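J.: Below are the chains, spelled out letter by letter.
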Amino acid sequence: SQTIHQWPATLVQPVGSPLSLECTVEGTSNPNLYWYRQAAGRGLQLLFYSVGIGQISSEVPQNLSASRPQDRQFILSSKKLLLSDSGFYLCAWTYPGHRLYTFGSGTRLTVV
Amino acid sequence: AQTVTQSQPEMSVQEAETVTLSCTYDTSESDYYLFWYKQPPSRQMILVIRQEAYKQQNATENRFSVNFQKAAKSFSLKISDSQLGDAAMYFCANNAGNMLTFGGGTRLMVKP
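Chains as they are written, first to last, in my numbering: chain Y, 408 to 519; chain B, 11 to 122.
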């Protein structure tokens with residue numbers, strides 16, 4: 408069966424520090440991968456998605472970047488965090504052409 | 011571009027009663043799917059129900075059903091016999107191509 412892992416669960420980082428959030432999927436190959444951000448009490452905003460290794464589409468210009476170094480690994484990064492980067496970050500995957508999305512358990516990021 | 015709008019930030023229902031959550035969407039795609047997701051306090055995203063746009067019949071999953079009005083681009087969720095465990099944030103979402111776009115969410119409170 409397929410599973411999605413996302414870590415860390417909670418992170419507190421100072422302004423100006425770097426960020427690296429990791430998401431991995433097991434039990435499948437060539438998944439579509441997604442990073443979403445959810446501000447407090449708000450909906451989910453799509454940040455990045457990837458349909459293959461090294462292929463990244465950005466939906467929102469911002470202080471963040473994403474990379475897909477391996478087929479089932481998706482990384483969200485920042486060189487210098489801003490206060491506005493605080494939020495809940497969710498990773499998701501789906502089979503290409505399928506319409507069932509599975510979400511990770513999320514990372515709560517607080518920038519102080 | 012796709013948009014999803016949930017006009018009810020909060021809804022309240024008495025236990026065992028029925029409640030309807032509203033959602034409207036806009037898309038230029040002809041092939042798309044619509045979803046309702048539940049997000050409990052754990053913030054895990056749980057798929058409640060899914061509707062294929064090409065199907066005229068409204069989807070049903072136990073106590074959950076939808077009213078899909080394609081011409082009006084409306085996709086409401088009806089929860090029958092509401093239970094305390096139904097209390098959560100509910101998100102409407104639209105998938106076309108590789109994109110899954112969410113509405114802002116409706117917080118559902120269930121009164122005992």
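One should not assume that every hint holds.
Unchecked claim - Only part of the chain Y face toward chain B is listed, based on derived beta-carbon distances under 8 Å:
(1) Trp-414
(2) Val-419
(3) Val-422
(4) Pro-425
(5) Asn-439
(6) Arg-449
(7) Leu-454
(8) Arg-475
(9) Pro-476
(10) Phe-495
(11) Tyr-502
If you're looking for bench data, these hints aren't it; they were derived computationally from the structure.
Because the structure is a prediction, the values reported are computed rather than measured.
Idealized CB from N, CA, C, for every residue including glycine.
J.: Of all the hints numbered above, which does this structure not satisfy? Sort the numbers upward.
T.: Of the numbered hints, 1, 2, 3, 4, 7, 8, 9 and 11 do not hold.
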